[in-house]
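The chain contents come next:
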Amino acid sequence: MRHTISVLVENKFGVLARIAGLFSARGYNIASLAVSETLNPQTSYMTIVVAAQDEKILEQIKKQLNKLIDVITITDFTKKEHVDRELVLVKVNYSTKDRAGLEAIFNKYIGKIIHHQDDTAIIEAVGDQAQIKSLLDELDKFGIIELTRTGKLAINKG
Amino acid sequence: MTGAQILIKCLKREGVEVIFGYPGGQVLPIFDEIYDMDIKFILTRHEQGAAHAADGYARATGKVGVCIATSGPGATNLTTGIANAYMDSIPIVAITGQVKSSLIGNDAFQEADVTGITRPITKHNYLVKDVKDLSKIIAEAFYIASTGRPGPVLIDIPSDIQLADAEFTWPEIVNIRGYKPTCFGHPGQIKKAAKLIAEAKRPIIYAGGGVITSAAHLELRKLAEKIKAPLTWTLMGVGGFPGTHELSLGMLGMHGTAYANHAIMESDLIIAVGARFDDRVTGRLDAFAPDAKIIHIDIDPASISKNVKVDIPIVGDARNILGELLEQIEKVPNTVEWLETVENWKKKYPLKYKDGEKIKPQYVVEQVYEATKGGAIITTEVGQNQMWAAQWYKYDSPRTFISSGGLGTMGFGFPAAMGAKMGCPNKTVIDIAGDGSIQMNIQELGTCVANKINVKVFILNNGYLGMVRQWQELFYKRRYSQVRISSPDFVKLAESYGAVGIKVTGKEEVRPAIEKALKIDNTVFIDFHVEPEENVYPMVPAGEAINKIIGGLA
Chain C
1 MRHTISVLVE NKFGVLARIA GLFSARGYNI ASLAVSETLN PQTSYMTIVV
51 AAQDEKILEQ IKKQLNKLID VITITDFTKK EHVDRELVLV KVNYSTKDRA
101 GLEAIFNKYI GKIIHHQDDT AIIEAVGDQA QIKSLLDELD KFGIIELTRT
151 GKLAINKG
Chain W
1 MTGAQILIKC LKREGVEVIF GYPGGQVLPI FDEIYDMDIK FILTRHEQGA
51 AHAADGYARA TGKVGVCIAT SGPGATNLTT GIANAYMDSI PIVAITGQVK
101 SSLIGNDAFQ EADVTGITRP ITKHNYLVKD VKDLSKIIAE AFYIASTGRP
151 GPVLIDIPSD IQLADAEFTW PEIVNIRGYK PTCFGHPGQI KKAAKLIAEA
201 KRPIIYAGGG VITSAAHLEL RKLAEKIKAP LTWTLMGVGG FPGTHELSLG
251 MLGMHGTAYA NHAIMESDLI IAVGARFDDR VTGRLDAFAP DAKIIHIDID
301 PASISKNVKV DIPIVGDARN ILGELLEQIE KVPNTVEWLE TVENWKKKYP
351 LKYKDGEKIK PQYVVEQVYE ATKGGAIITT EVGQNQMWAA QWYKYDSPRT
401 FISSGGLGTM GFGFPAAMGA KMGCPNKTVI DIAGDGSIQM NIQELGTCVA
451 NKINVKVFIL NNGYLGMVRQ WQELFYKRRY SQVRISSPDF VKLAESYGAV
501 GIKVTGKEEV RPAIEKALKI DNTVFIDFHV EPEENVYPMV PAGEAINKII
551 GGLA
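The listed protein sequences correspond, in order, to chains C and W. Numbering of the first sequence is given in full-length UniProt numbering, commencing with residue 1 and proceeding in unit increments. Numbering of the second sequence is given in full-length UniProt numbering, commencing with residue 1 and proceeding in unit increments.
Derived from the structure by calculation, the hints contain no laboratory data. Treat the hints with care, as some may be off.
As the list claims (entries may be wrong) - Capping the alpha-carbon separation at 30 Å, the derived lysine-lysine pairs in DSSO-like fashion look like this:
(1) Lys63(C) with Lys136(W)
(2) Lys306(W) with Lys548(W)
(3) Lys79(C) with Lys306(W)
(4) Lys63(C) with Lys346(W)
(5) Lys62(C) with Lys293(W)
(6) Lys63(W) with Lys56(C)
(7) Lys548(W) with Lys56(C)
(8) Lys136(W) with Lys12(C)
(9) Lys67(C) with Lys309(W)
(10) Lys56(C) with Lys195(W)
(11) Lys195(W) with Lys394(W)
(12) Lys132(W) with Lys12(C)
(13) Lys346(W) with Lys201(W)
(14) Lys100(W) with Lys12(C)
(15) Lys67(C) with Lys180(W)
(16) Lys79(C) with Lys222(W)
(17) Lys100(W) with Lys222(W)
(18) Lys79(C) with Lys192(W)
(19) Lys63(W) with Lys12(C)
(20) Lys63(W) with Lys63(C)
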């Protein structure tokens, strides 16, 4: 089961290594990780999607993270009202005759062409996991050459 | 002031009495200040010795131990000692030199990524990037090392930072927003625990190293006496409860007493205090104490429900919580029948060994106990010597048994004894060693003699790496693979360093040799030639339920 947690950390040298090291040392799996400064440049948010077999392991992960001195707070979005988004960049095979087909997909789902060159186009899309998945399923028939994604970001509602 | 001057001034402010260490290229500015500082400095013969000595000092005194080494190999030599302190939650501050800031990452001479290497074995570590941060970092390091669940903190100081100038400032209060250890237990949880205790029929107290860290031994004793529950302890908990007390069951787990293991397995309530349900204690987890509800008192929330499911977790300092719990307990359980059952196990499966004509290692430990009247600080190496020292010496007060529990570091006991002696100069300090382990840090003989650190090393010399041999005997069809180990002539070796060596081959010489050693005002090695193939019993094979005891005595 995947859980999204957000870790507010001191924006200090080596913090990412501490977090990543904790996961690898204790055998936990990171599905995705997004790191950036917050409004306050002294702190960063790390949004981590963890794959934990059960609640007990998730609890351990949170407790172990909390023990790190540079970790300030942890938010577990599992049982919280929140929105989450991911950004994906997809390079697909493209010719002008594909335009209408792609537009139809973008109308139904999400995404836009941000660059095209020769016979490829780069599509950008922002959405939740289900939206991204639907988009990628649709784009599959055009032939996905390459894709890169940010990992999930999440924020509390209210 | 220079960074090096700031460092020494901060250590002074922290009340550091002694530093163990070794100089080198990237700590020259610091050692130039050490030259005329008024803190004692002990030059060890190996950086590992310095780390273990700082650890032993911390265990014996409860204060923060300090060690220092140069960059690269100096720092990597500290790491075993740091990992050892980390596993046993011992407060030490390790200071390492680092190559100049401008050279970091360039594979400079004697460069190693020390904060990287020590990240998983320290509670926290720092690479100092600006001399202006140095005093704050040192204050934080001591605070982090000694509070909450204690542990080692490392400060890596590049040589240019040691030379850089800054004004000295001292933070009177340390405030780290990401670090707020819980000290007091939740009152609701404590009430629930008191209720559960009142309802118990077969309660047992299981005490670990946290009792010693938080100095909760008096409260622990009051609790056991108030609710009339038998009490067992872990290797780290030895000394947290009087070994001579009628409610004491001795140590539990793999080499615990049969009666402690039976008692915890049959209990209906386990009150765990500052212990972490380590695999050496629980044995096979799914078979562990099937009828027992568990109250778990621990300062580290991550220790709770890590290995076993806990019914009532109480996070906080053991001493505070036990004090509060004692007030909350109004009704005490009736344990008369239970204590009788436990007493019967004690009679049926006593801790014993078969004495013979040869010197039995257990006999040596018993004689050490009698000769010192239980008043010594005992350190141990790791293996059979460690288990016999835990089983056959009765410890009545905390901080008198110093042993590498979690990491199981051979070579720990001798330098740790050195550190303990520096912290407690009026105590007799004895390292109960094996012939294998003692050879791992034997170079510290030089440190002891040069600094007149009067410790005794009693070697239970069986010519084997005994614990590994025991496992090979029991589980590998006696195929003794690389466990026969030769030793130097320990008497001559001791003498060559300027210490005293005594060789004991006959049983009747054991006690006189101990008495003699205790009277000599010098480091003494006694080489006891003991029964070569003696085993540590009782024993629970790894991965078995802890009432599946082998050894014919259970």
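Do the hints match the structure? See the list:
no., hint, result
1, Lys63(C) with Lys136(W), "holds (27 Å)"
2, Lys306(W) with Lys548(W), "holds (24 Å)"
3, Lys79(C) with Lys306(W), "holds (22 Å)"
4, Lys63(C) with Lys346(W), "violated (39 Å)"
5, Lys62(C) with Lys293(W), "holds (25 Å)"
6, Lys63(W) with Lys56(C), "violated (35 Å)"
7, Lys548(W) with Lys56(C), "holds (28 Å)"
8, Lys136(W) with Lys12(C), "holds (15 Å)"
9, Lys67(C) with Lys309(W), "holds (20 Å)"
10, Lys56(C) with Lys195(W), "holds (26 Å)"
11, Lys195(W) with Lys394(W), "violated (33 Å)"
12, Lys132(W) with Lys12(C), "holds (16 Å)"
13, Lys346(W) with Lys201(W), "holds (19 Å)"
14, Lys100(W) with Lys12(C), "holds (20 Å)"
15, Lys67(C) with Lys180(W), "holds (10 Å)"
16, Lys79(C) with Lys222(W), "violated (43 Å)"
17, Lys100(W) with Lys222(W), "violated (55 Å)"
18, Lys79(C) with Lys192(W), "holds (27 Å)"
19, Lys63(W) with Lys12(C), "holds (29 Å)"
20, Lys63(W) with Lys63(C), "holds (27 Å)"
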